[in-house]
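Could you build the full structure based on these sequences and the hints that come with them?
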Amino acid sequence: MNLSFAIPLSAPDVNFRLLLPELILSVTGVVVMLVDAFTGRSQRRATATLSLAGLAATAWATLWLWPSAQGADTRAWGGMIVLDPMRLSFTLVFLIVAALTVLISAIWVEWEGLPAGEFHTLLLFATVGMMLMASGNDLVMIFLGLEILSIATYVMAGFRKNDLRSNESSLKYFILGSFSSAFLLYGIALVYGATAHEVSAQPQASGALAQHVILAGTTNISAIAERVNDGLYPPLLFAGAAMLMIGFGFKIASAPFHVWTPDVYEGAPTPVTAFMAAGPKAAGFAAFMRVFLLAFPFVAASGQMRSTGAQLHDAWLGALWILAVLTMTVGNVVALVQTNVKRMLAYSSIAHAGYALVGFVAAGAADSAHQTDAVAAVVFYLLAYAVMNLGAFAVVTLIARSGDRRTDIEDYRGIGFDSPALSLTLSLFLLSLLGVPLTAGFMGKVMVFSQALGEGYKWLVVIGVLNTAISVYYYLGLIVVMFFRERTTEWRAPRIPTTLAVVLVLTVAGVIYLGLFPGRVINAFRAVQPIAVSSLR
Amino acid sequence: MLSALLLQAGMSLTTARTPAGVGGPVSGYWPVMVFFAVAVVFPVLPVVLGRFVRPNLYGEAKMRPYECGIDPTTEAHDRFTVRFYIVAMLFLVFDVETIFLLPWAIIFMGDDFSFTKFALLEMFFFIGILVVGYYYAWRKGALEWA
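One line per chain: the protein sequences are A and B, in this order. If you use my numbering, the first sequence corresponds to residues 1 to 537, in order. If you use my numbering, the second sequence corresponds to residues 538 to 683, in order.
No lab work stands behind these hints: they were computed from the structure. Some clues are possibly wrong.
[What the hints assert, rightly or not] So the derived list for chain B, only partly shown, Cβ under 10 Å to chain A, looks like this: (1) Tyr-673; (2) Trp-675; (3) Arg-676.
[Claimed, not checked] Estimated spans, in silico, between C-beta atoms of each pair: (4) B:Ile-623 - A:Ala-46: 19 to 29 Å; (5) A:Val-462 - B:Val-578: 51 to 61 Å; (6) B:Phe-655 - A:Ile-175: 32 to 42 Å; (7) B:Pro-583 - A:Ala-242: 35 to 45 Å; (8) B:Thr-635 - A:Val-472: 54 to 64 Å; (9) B:Thr-635 - A:Ile-175: 20 to 30 Å; (10) B:Phe-663 - A:Val-333: 42 to 52 Å.
[What the hints assert, rightly or not] Chain B residues, not near chain A, derived (Cβ > 10 Å throughout): (11) Ala-576; (12) Leu-594; (13) Met-600; (14) Phe-631; (15) Glu-681.
The beta carbon of each residue, even a glycine, is placed where N, CA and C say it ideally should be.
If you want it as structure tokens, here you go:
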């Protein structure tokens, strides 16, 4: 068997401008790492400031790229990196999550005497991974981004080395995460095989005699979309898509692939939990949506009743519908019986993945004109969720104290009037998570549900609203515990440090702003009106 | 010997079915499948056979953990240094570097030298990042044995 032939090499279209946000953040990560290595233990402030500066510079680069994301075909690096509104809006969400996590973790790092530089480096690299997941237009690129993200997060989950719960969390996350990555990788391999075409390859200069015909598939998302109808092995395509769905389903913590979530979220240090619930979930959605919406779209074939593309589209849309219903229901119902706040918020994060999946289903069913709207609604939902979730976890971090000691719902008993600032902000975030009008959570739900209604998914929306009704019980339950129960043990109101105060102010402002004036943000995400974009710059 | 034989058999099977060399999705994997079957049977068979053949005699001495014939003195759950692990990780980093360098050395000239300059610079960046990682490990004391 002679394997010494290759597809002709083409020069990669190098375009650093398109990769600018990722490049800036990677360089910042390396610099933070070096600062950490070359200064003593007094670098806590330095690395945090440096990370925030890097994140700000990256955000600037993202906004600078925004106008060029419209219209024209903007791909580079051999079609591996794409520039479109979906990527940029997701990137902004990741940057906001990372910046807030740096601020939340400042107090925690100080309490526990942790090596802050390491933590910030890992956080920045995880963010780079998330951004690559959103910008990759190739399954391989998306997988690489996912691994960059995952490996950093595994370490972060086990950052409290002396705590058994943290170790357990890290190990569980690592094992199950690797398992899901394997599913994803197998899916990629199957899709590659299914999209095989005959390619005539140039024989290498010496050795081979004649021109060979070899089979070559593709991992490029746009190329897969072109080949879904005439791949050589359609059944493999279905199997590959199913594997991909399982892999991404793990990452966004959707039922029935959610079992790792509560244990990992409970055991991980609270700021890391906040990050994991908001960032990697959004990154999972970014990759999930890009792969399924753009690689497996509805493609009708001429002369055929049911093309492979159409069948595949039907199949994954149906599976996604079930996934959305299961995720919402399991998340909300199990959250009812939790006694630990972090576990409760973990199940709530599962439920929220379900609501976001409703918007994803709508995006899958929509024609290309409405698809951008539905995608923008999902990104908006994830942004709203990130803001309120990080706010809630900021309060949980402060109340838990060092070592995450007070995370039971019992620990919140009657603190309402002793620490009004903390309990009122936490109540606001809980109401927003519930979806009370005038908050970000409400606007997000309205957007995804209206998109689903627009595509005719009545029952999905009905189930979603019923689930919201279920969630009233546990969100309001915590508020009741805080304000209307007598405290039996001693309570010393914690002093709110500056960084955490900044986080609380920002997240409260975000929740209210997104709840009252969502128009500007959603228009920028939709990127159909350049006026909104230019005003945002 | 056996594997070579199986490979032969598999290959002949494949070529017999698809003379063009462009097989269906499964037929090309015949050798792999045969290997898989052998790999499953090979370890399982002795264990199963052993159950029926061996004598079953249990005594206190036999149930003790085996430690080179000497009576065990400590628990099996002992702590050992993790330095080996760090060294293994460092080795892995540089091993992976070599894995990347090798295909790069083969293709970096391309067909027409069109991206040689880029590939050359890029590899220096790659090595630079690795050096940063090495420096980090060094500064953090990962290379100090004591």
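Structure-based check of all given hints:
1. Tyr-673: holds, 5 Å
2. Trp-675: holds, 8 Å
3. Arg-676: Hint on B:Arg-676: holds, closest Cβ of chain A at ~4 Å, below 10 Å.
4. B:Ile-623 - A:Ala-46: 19 to 29 Å: holds, 26 Å
5. A:Val-462 - B:Val-578: 51 to 61 Å: Check passed, 54 Å falls within 51 to 61 Å.
6. B:Phe-655 - A:Ile-175: 32 to 42 Å: holds, 39 Å
7. B:Pro-583 - A:Ala-242: 35 to 45 Å: holds, 37 Å
8. B:Thr-635 - A:Val-472: 54 to 64 Å: Given range 54 to 64 Å: holds, Cβ gap about 59 Å.
9. B:Thr-635 - A:Ile-175: 20 to 30 Å: Holds: the Cβ-Cβ distance is about 29 Å, inside 20 to 30 Å.
10. B:Phe-663 - A:Val-333: 42 to 52 Å: holds, 49 Å
11. Ala-576: holds, 19 Å
12. Leu-594: holds, 39 Å
13. Met-600: At roughly 31 Å from the nearest Cβ of chain A, B:Met-600 sits farther out than 10 Å, so the non-interface label holds.
14. Phe-631: holds, 18 Å
15. Glu-681: Holds: least Cβ distance 14 Å, greater than 10 Å.
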